[in-house]
Amino acid sequence: MKFKHLLLLSFIILSFQFSQAQKSNTQFSGYGYLEYELDFSGGPTSYFYLGEHSFFVNSKLNDKISFLGEYVIRFNGNSATSFLPSIERSLVKYNYYKNHNIIVGKIHTPVNYWNDSYHHGRLFFPVMDRPISFSYLVPLHTLGIQFQGQNLGDLNFGYDFVIGNGISATDVMSDAKNTSFTAAVHMKPTDDMRIGASFYYDFLDKNRSGIHSGHSAPRTHYTGKLYTGALNYTLTSFSFANFTKTYEILNELSYNTTSTDSLGLAKNFANFFYAGLRFKDKHTPYVVIDFMKIAGNDLHTYPYEVGTFGVGYKYEFSPLFNLKFQVQYDRQMSNHATHKINKFFGSEIQLAYGF
Amino acid sequence: MRKITIIIALVFSITSGGKLFAQTTMTGVTVIGNKIGFSTNTSKEIKQVFRGKYANWSTNNQVIIVLPASKSTSAEVVASSIYGNTVSGVQKYWLSLVFQGRANPPVFLDTDEEIINYVKKTVGAIGVVSAGAQNIPRNFIIAINN
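Residue numbers (my numbering), protein chains in the order written: chain A, 1 to 355; chain B, 356 to 501.
FYI, nobody ran anything at the bench for these hints, they're computed from the structure. Quick caveat, the model's predicted, so the values are computed rather than measured. Any given hint could be a false lead.
Claimed, not checked - Derived DEER-like restraints, expressed as beta-carbon distance ranges:
#1 Ser-425(B) with Tyr-49(A): 29 to 39 Å
#2 Thr-246(A) with Asn-415(B): 31 to 41 Å
#3 Lys-476(B) with Leu-84(A): 37 to 47 Å
#4 Tyr-96(A) with Gly-392(B): 15 to 25 Å
#5 Ser-425(B) with Thr-246(A): 21 to 31 Å
#6 Phe-199(A) with Asn-415(B): 30 to 40 Å
#7 His-100(A) with Thr-397(B): 17 to 27 Å
#8 Tyr-97(A) with Asn-490(B): 31 to 41 Å
#9 Arg-493(B) with Phe-321(A): 34 to 44 Å
#10 Phe-321(A) with Gln-489(B): 33 to 43 Å
#11 Lys-245(A) with Gly-392(B): 27 to 37 Å
#12 Ala-498(B) with Thr-190(A): 24 to 34 Å
#13 Thr-246(A) with Asn-500(B): 25 to 35 Å
#14 Glu-400(B) with Ile-195(A): 15 to 25 Å
Said to hold, decoys possible - The calculated DSS-like cross-link candidates involving lysine-lysine, where the alpha carbons are at most 25 Å apart (straight line), are:
#15 Lys-64(A) with Lys-106(A)
#16 Lys-426(B) with Lys-476(B)
#17 Lys-98(A) with Lys-476(B)
#18 Lys-282(A) with Lys-447(B)
#19 Lys-402(B) with Lys-60(A)
Note that the Cβ used here is the ideal one computed from N, Cα and C, for glycine as well.
Generate coordinates for the entire structure from the input sequences, incorporating the hints supplied.
Below, the structure is given as C-alpha cells:
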C-alpha cells in the first residue's frame, strides 16, 4: 500500500513538471545482430540466426525530465510471423537534485554491471551472449520506482534503490502481496573501472516466474513436478569491470538463495569471467569462463550444473559495427542422481550493428 | 625499499590504465561555456564535466555538452586532449552511456564555428574547440589551471 502511495506521489511530481515542459528533444537509434552458428555435437550442423533488434528512444522532455524507451523484436515460435515485440525498458527520469534521480517505469534491475550497462544492445556485449545466470538467477527487469544517484564524490560513488513488481509479475499486473526490493552501490575509482555490489529480495508466494523476469527460461534440465508453494528469493551480486584502451576485464559473481518450508535453504552460485586484450583500437582477442551451480534442494531453478569455456575475437569496424567470432565448449549436468553429463562444442560468428 | 616503491607505482600505473603518469594538460583545445558558474577550473574537473559526471551546474542550469562530430577537423585533438582516447573511443563512450540511460547525449557539431554559435545562444552549454578557433567572445572562454 505504501508503495502505491509512493508511486502516486511520483506521478503527481512528474505531472507538475510536464506542465512546465519545454520543447522536447528526441533521438532514435537501434541495435541488432545476425549470427552464423556451427554446432559440432551430434554431427555438424550450421545455420544463420537473426537476433533480436532493439529500438531505442531517448527524449529530453525538459531540463529535469527525460524519457527512455527500448523496444525489442525477437524470434518467438508461438507467433504467426515468428517474431514478437516487447517493451524492455520504458521509463521517465526526474533529476530532482544534482546527480540524484527518481525513475519510474520498467527498468533493467541494476543488480550487476552487465544488466545495468548492456541491456539488449549486442553491439556493446564483449562476448557473444549474456552470462548463463541471466537465464536462471538474475531478475532482468523490474516495473516500479527507482532512486538513483551517480558520480558522487571523488570515487564517483553511485547507488540504486528499487521497489517494484517481483519475479512473478507481468508487465501489466501482479497478484503478489509484496514488492521486490533491490539495493545496489558502485564506485568508479578511475574512468575505466567500476566496482559494484547489490542485494535483491523477493517473496514468491506461488513460485511463479512472470515474463521478462529472466526466470522464465524453459527448464529443460528438470522434468519433475514443479513446486508451487511459497519461496523466499535473494540474490547477492558483486561486479568488477575494467575496460581500458589496452585490456578489458569483467567479472560477475552471483550468490543466490532460495528458502522453502519443505527443503530449507538452497545456496546457488554463478560466476562469469571475461578478459580481453585490446590492440590497435579495433582488435580484441578474449577468453570467457562462465559457470553456474544450483543446489540439490533448490525448488526455483532446480538442480543444475552448467559451465562454458570459450575463446573469441572481436573486430570493430566502427563504433557502430563489430564482428565477433567465438569457439566454445559447454558442459551440463542436470541429473544429480545419474551424474549424466552433456557436452557441446561449437562456434559462432556474430555481426552486431547500431543504426 | 626503493625498488618495491617503483614496482608498486608501475603496477598501479598499469592497472589504472596508465593514469598515474598521464598528462594533465589540455593541449590544442579551448573550452568555452555559457553561464556555467565558473570561468576558471582545473583540467581534471573539466575532463570530468566532459565525461558526463554532472547533470547540473551550480547555477542550477542543466549541463549541455557540445563536442565536435567525428568528421570535424578538431575531433581528434579533442578526443586525445579531453578523453585521452581516439575519436571512435569517444563515440563508443557516449553511445554506451546514453544507452545505459545514465546521461543525456551530447550535441555533436561539425565545425568550431557551429560549436561557438551554439554555446553562445545556449545557457548551460559547455563546448570545446581547437585552440586556434576564431571569433570566441572573451567572456565565454574557460581558463584552465593544471
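Against the structure, the hints:
1. Ser-425(B) with Tyr-49(A): 29 to 39 Å: holds (31 Å)
2. Thr-246(A) with Asn-415(B): 31 to 41 Å: holds (40 Å)
3. Lys-476(B) with Leu-84(A): 37 to 47 Å: Between Lys-476(B) and Leu-84(A), where Cβ atoms are some 46 Å apart, the hint holds.
4. Tyr-96(A) with Gly-392(B): 15 to 25 Å: holds (19 Å)
5. Ser-425(B) with Thr-246(A): 21 to 31 Å: holds (22 Å)
6. Phe-199(A) with Asn-415(B): 30 to 40 Å: holds (34 Å)
7. His-100(A) with Thr-397(B): 17 to 27 Å: Because 24 Å falls inside the window, the suggested range holds.
8. Tyr-97(A) with Asn-490(B): 31 to 41 Å: Cβ of Tyr-97(A) to Cβ of Asn-490(B): about 37 Å, so the range 31 to 41 Å holds.
9. Arg-493(B) with Phe-321(A): 34 to 44 Å: holds (43 Å)
10. Phe-321(A) with Gln-489(B): 33 to 43 Å: holds (36 Å)
11. Lys-245(A) with Gly-392(B): 27 to 37 Å: holds (32 Å)
12. Ala-498(B) with Thr-190(A): 24 to 34 Å: holds (26 Å)
13. Thr-246(A) with Asn-500(B): 25 to 35 Å: At 30 Å between Cβs, range holds.
14. Glu-400(B) with Ile-195(A): 15 to 25 Å: Check passed, 23 Å falls within 15 to 25 Å.
15. Lys-64(A) with Lys-106(A): holds (19 Å)
16. Lys-426(B) with Lys-476(B): holds (23 Å)
17. Lys-98(A) with Lys-476(B): holds (23 Å)
18. Lys-282(A) with Lys-447(B): holds (12 Å)
19. Lys-402(B) with Lys-60(A): holds (24 Å)
Violated hints: none; the structure is consistent with every hint.
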